[in-house]
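Q: Line by line, the protein sequences give chains A and B.
Under this note's numbering, the first sequence has 214 at position 214, and the numbering climbs by one with no breaks.
Under this note's numbering, the second sequence has 455 at position 455, and the numbering climbs by one with no breaks.
Please keep in mind that the hints were generated in silico from the structure rather than gathered at the bench.
It is possible that part of the hints are untrue.
[Stated by the list, open to error] Computed, partial: chain A to chain B, Cβ under 7 Å:
(1) Val-69
(2) Asp-132
(3) Thr-159
[Stated by the list, open to error] Chain B residues, not near chain A, derived (Cβ > 10 Å throughout):
(4) His-146
(5) Asp-310
(6) Arg-443
Bear in mind the structure is a predicted one, so any value in this text is a computation, not a measurement.
For each residue, glycine too, the CB sits at the ideal point set by N, CA and C.
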Amino acid sequence: MAKSKEELLQQLSDCVFEMEDESVAGVANEYIEAGYEALDGVLKGLVDGMSRAGQMYEEEEYFVTDLLVCSDAMYNGLEVLKPHLPQEEGAGAVNYKCVIGVVEGDTHDIGKNLVRIMLETAGFEMYDLGRDVPLISFVEKAKDVNAQLICLSTLMTTTMPGMKEVVDMLKKEGLKDKVKVMIGGGPISQAYCDQISADGYAVNAIGAVSLAKKLVGMA
Amino acid sequence: MHTIVLPRQNLKFTYDIDVEDSLLNILIAQQIFIESPCGGRSSCGKCKIKHLGGNLPPLSFDEKQRLTKKEIEEGIRLACLIYPAADLEIDIIDQEENHQVLTGGYVPQYKRDTAIWKKTIEITKPTLEDQTPYEVLFKKVLDINHLPWDVLRQITLGEGTYTAVFNQDMLIGLEKGDTSEMLYGVAVDIGTTTVVASLINLRTGEEIDSEAAINAQKNFGQDVLTRITYVLDHGKNGRDQLQKAIVDSLNEMLQTMCGRQQLSPSFIYEVAISANCTMMHMVLGVDPLSIGKSPYAPIFVEEKDISALDIGLTALSSFGRVYCLPAVSSYIGADIVAGAYVARLHNRTDKVLFIDIGTNGEIVLSDRGKLVSCSCAAGPALEGMNISNGMRAADGAIEEVRFDNEKGFVLEVIGNKTPIGLCGSGIMAALRELLKHNFVNARGNIVKPEELEFGDPRLSYIDLDGKKRRICIREGPQKILITQGDIRQVQLAKSAILSGFVALVNAMDLTLSDLDEVIVAGQFGAHLPVESLVGTGILPKAVQEKITYIGNSSKTGAFLALMSLETRHEMVTLARAFDYLELSVTKGYERLFVECSQFNVT
Chain A
1 MAKSKEELLQ QLSDCVFEME DESVAGVANE YIEAGYEALD GVLKGLVDGM
51 SRAGQMYEEE EYFVTDLLVC SDAMYNGLEV LKPHLPQEEG AGAVNYKCVI
101 GVVEGDTHDI GKNLVRIMLE TAGFEMYDLG RDVPLISFVE KAKDVNAQLI
151 CLSTLMTTTM PGMKEVVDML KKEGLKDKVK VMIGGGPISQ AYCDQISADG
201 YAVNAIGAVS LAKKLVGMA
Chain B
1 MHTIVLPRQN LKFTYDIDVE DSLLNILIAQ QIFIESPCGG RSSCGKCKIK
51 HLGGNLPPLS FDEKQRLTKK EIEEGIRLAC LIYPAADLEI DIIDQEENHQ
101 VLTGGYVPQY KRDTAIWKKT IEITKPTLED QTPYEVLFKK VLDINHLPWD
151 VLRQITLGEG TYTAVFNQDM LIGLEKGDTS EMLYGVAVDI GTTTVVASLI
201 NLRTGEEIDS EAAINAQKNF GQDVLTRITY VLDHGKNGRD QLQKAIVDSL
251 NEMLQTMCGR QQLSPSFIYE VAISANCTMM HMVLGVDPLS IGKSPYAPIF
301 VEEKDISALD IGLTALSSFG RVYCLPAVSS YIGADIVAGA YVARLHNRTD
351 KVLFIDIGTN GEIVLSDRGK LVSCSCAAGP ALEGMNISNG MRAADGAIEE
401 VRFDNEKGFV LEVIGNKTPI GLCGSGIMAA LRELLKHNFV NARGNIVKPE
451 ELEFGDPRLS YIDLDGKKRR ICIREGPQKI LITQGDIRQV QLAKSAILSG
501 FVALVNAMDL TLSDLDEVIV AGQFGAHLPV ESLVGTGILP KAVQEKITYI
551 GNSSKTGAFL ALMSLETRHE MVTLARAFDY LELSVTKGYE RLFVECSQFN
601 VT
């Protein structure tokens with residue numbers, strides 16, 4: 001007997017949550033073949049699983065690497081569901097766009113990747129510039145895609161000043177109010193955020209989600 | 001008159017009771033030397049002897065402070081605190097054992113061929129008939145073409161015996177009289193945290209004394225990156241401050257050793273320095289900024305042979321030299337080149353992996369002499385930092401932990417004091433026990449109390465902080481807890497090192513079982529027993545039987561550079577032969593990192 005939609009959504013969510021990155025595609029296929037809506041599969045299945053994983057991370061039950069495996073599972077499921085998503089989303093819906101990257105001079109990107117995944121999960125359209133990103137690229141990309149948010153990350157004290165430069169460039173271009181800047185990484189603090197007049201600082205990838213939503217006014 | 005017998009050394013002598021004379025002084029008067037870095041001021045606890053027979057005064061307060069319970073039970077005493085008044089039978093604790101922390105380690109064979117050498121000459125007084133300038137006289141006797149002007153300045157009233165000091169084929173100084181017996185150098189390892197120096201008799205290769213100190217740059221930041229950032233924020237002035245801090249430390253250490261050995265610093269002619277790349281830049285006053293940013297290119301990596309005065313190093317001969325060992329890159333510094341050389345990685349015929357564990361873990365793999373290296377950012381957790389109850393390895397630090405169902409957690413504490421926290425080896429030992437006794441599962445999670453059966457002995461150690469679980473390894477007014485967050489910190493470090501290890505082995509198309517030896521280097525590594533290294537999964541179980549320790553091979557490399565020009569040349573060649581594997585751009589690295597984060601892999 002075919003499984004109910006709820007049952008399959010639960011399975012999709014569990015596959016992500018329980019790090020079953022290999023079995024998720026099978027479940028996603030089953031879900032599509034049963035004729036259920038792809039969008040629900042993403043939001044109420046995969047993304048739900050990722051949010052639960054994020055919650056566990058915050059409670060220290062999940063380790064960074066656990067989250068990475070969860071996200072692998074989520075992307076494997078997405079690959080199956082994506083072709084079945086409606087092409088045009090409902091008119092009038094705001095697309096929140098975010099440019100993210102590790103600032104110039106730094107090549108550590110695991111933290112940045114996690115933030116990208118969690119923001120993607122939360123519904124942001126992400127533009128990931130990677131690591132060791134020339135500072136001007138953040139501003140140019142944000143202008144280019146009309147992003148509301150820039151996320152800057154670094155693990156090294158030596159490259160922190162790059163964050164200030166990005167903020168200053170936005171000021172110079174008169175974009176400071178239009179584009180919010182969020183910063184994070186090992187040596188970053190709220191004090192530093194205030195000092196360089198960035199718009200927000202998040203301790204970890206989970207904190208980054210609520211902060212990002214607040215900054216862009218996402219419900 | 002009383003007798004002291006040292007049966008193991010087959011020595012026997014007599015002494016007169018004098019309330020002023022400690023056992024240490026009595027022994028020194030007999031030319032029997034015990035390590036006593038503080039000079040008998042009862043502050044270092046190093047001058048240990050074993051009491052075998054005869055009456056000794058009761059244990060003093062300071063001895064109780066400085067000796068462990070085990071040592072006290074074994075009859076260990078401190079010679080500087082005992083004022084004997086009876087016939088005694090004692091044993092001297094092995095000098096080597098005492099030295100081990102500072103210098104310890106394997107020294108390979110070398111051909112003695114020091115850069116610094118001396119030649120004694122006779123200069124006859126010029127006469128009115130023959131007014132040959134001294135310059136010409138010296139040149140002729142020494143058979144050299146050129147007499148540097150700074151050496152000329154050392155010539156006073158000319159005739160008599162002189163000793164010429166050469167650095168390779170360069171005359172660097174002239175000393176009045178025959179000083180050929182006096183030829184000393186210092187081998188130095190500058191670590192980010194500690195600095196170690198050994199005073200070496202260049203004529204014999206003998207290590208006369210050694211000294212360790214905390215790197216005074218710690219005031220500018222604990223890790224390399226923070227210190228580089230200090231220079232970034234303070235410019236040239238910051239660079240000068242950092243250079244002065246380390247050079248002052250070196251001057252002090254040289255003076256301390258000379259004082260203890262009653263040696264004039266003017267007979268020290270060369271200081272050979274091994275260090276990581278950042279420390280080498282900083283001691284020479286070279287801008288370290290580029291090391292701290294991608295693409296992490298340093299200003300220099302080649303060997304340096306310079307005047308000691310140029311960097312402000314003054315506690316040696318006024319024409320003394322500084323030799324800096326060559327490095328490979330920002331990550332693979334002279335310390336690793338030295339280690340690879342001491343371990344003979346370049347001419348091994350088998351497959352051997354060399355690992356220096358610290359804030360950064362550097363790994364070198366030699367596949368029958370072909371070398372490839374990588375560096376992993378382990379973070380400071382392994383050294384007891386970023387751990388809620390973490391501390392440096394000092395008095396009160398837990399350094400070893402054992403668990404059994406009957407006794408619970410049994411702790412070994414440095415200085416036998418009330419435990420205050422865990423040092424690096426302590427946190428490792430604790431995690432090892434937690435994993436072994438299933439307090440923590442392979443994913444690094446502390447077991448949930450609700451999953452344990454009633455009466456499970458583990459239950460009484462799990463401490464709840466709201467929803468979060470912690471493990472209490474010591475009860476009492478000052479609880480010592482290991483939190484889930486602490487375990488995550490160590491897990492990150494372990495993932496970084498193990499994944500580097502495996503990536504390197506993979507890159508050479510080898511498997512873990514192909515390795516014939518795994519050599520653990522460095523001060524910190526020396527404090528990590530195989531049981532902890534493998535038990536926490538920093539090193540894979542497959543190499544358990546193959547782990548050996550090489551001690552402070554960085555300083556040994558500096559020692560070899562002092563003693564043998566041949567080794568210098570070989571180290572320069574070796575440094576050029578390194579390949580480097582950049583992990584972050586290695587295919588599949590993130591996946592490997594994830595796999596290596598589990599505690600049950602390999």
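Q: When the hints from earlier in the document are held up against this structure, which numbers fail?
A: Hint 6 contradicted; others consistent.
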